[in-house]
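Asker: So you can see what is in the structure, the chains are spelled out below.
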Amino acid sequence: MRCDELAVAATSWRATCAELAADGARMLDFLTCVDEPADARIEVLAHLVDVPGRRRVLVRTTVDRADPELDSVVDVLPGAAWHEREAHEMFGVRFTGNPDLRPLLTTGAMGHPLRRTTPLPSRVQTPWPGASDPAERPPEGPPVRPGGRVAARPRSRLAPPGVLPEWTPATEGPRGAEGTPGAEGST
Amino acid sequence: MAAHARIALDAAACTSCMLCVRECPTWCITLTAHQESVGDPGARRPRTVNVLDAFTIDWGLCMYCGICVEVCPFDALGWRSDPVGPASAPEGLRHGITELR
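These protein sequences, in sequence, are chains A and B.
Using the working numbering, the final residue of the first sequence is 187, and nothing's skipped along the way.
Using the working numbering, the final residue of the second sequence is 101, and nothing's skipped along the way.
Hint data in this document are derived by calculation from the structure and do not stem from the laboratory.
Cβ coordinates follow ideal geometry from the N, Cα and C atoms, glycine included.
Please note: incorrect hints may appear among the correct ones.
[What the hints assert, rightly or not] Pairwise CB distance ranges (calculated): (1) S122/A x G39/B: 38 to 46 Å; (2) P121/A x R80/B: 46 to 54 Å; (3) T168/A x G96/B: 26 to 34 Å; (4) L105/A x G85/B: 27 to 35 Å; (5) A40/A x G39/B: 51 to 59 Å.
[Said to hold, decoys possible] Some chain A residues well away from chain B (every beta-carbon gap over 12 Å; in silico): (6) C3; (7) T32; (8) L114; (9) L158.
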């Protein structure tokens, strides 16, 4: 089935979805978001399917990450209500016009879990198994040459993917951190 | 082709490179290894090899995504068709080198 992609401005999000729905793409397959902290934006995606016309359209737009607000499409695609509710809970995007944006799973205390910067408590508490390195253990067995020494190769410490350094407690910060706070502030 | 029921480890093929452990999205693999110097009298510098001490997959955490199987450069991890059996406690789902054969 053919799939068209359509990138629109946030202001024409609702109008575009309404136009596509009127044009036959009335089945909302999904509506979701992608957090892009590096670009300070959140991408919102809606996948609409025109079943008789055998056509799919992926509509995408971006909203400001600091103040994500977007027009709701519930009036043109009623099935979007639940998806917008979920996107609001997980990414914090406010869909103006959606009457019910109550959270589905969380109490709201931990923020928006699917934003990449939201700390995941179990990832902070659990030691990452990938941190151990066989080369850090002293090698066993006699050295090959008299006086020969097998040096443990110092390797750069790998960080677990998706776990931001600022999540870890300050006690495990880099050495010499006592002097840095003042130095950081004065520039 | 074996069904994707569980993951098996060929301990002899594993070089303890840690790739599977670091790529696992659920952090369900733990691996401990040490280095041993290999005696090679002609060598100018001693050569070291990693020796696998322990390898554990926690089936209570594993989501059977197969990324570890994909990233293993030495095909030490592979799929098997016999599923993981039940356990009466979470510890019973942590399988070591012998259970993962």
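Asker: Any of the earlier hints contradicted here, and which numbers?
Answerer: 2, 9
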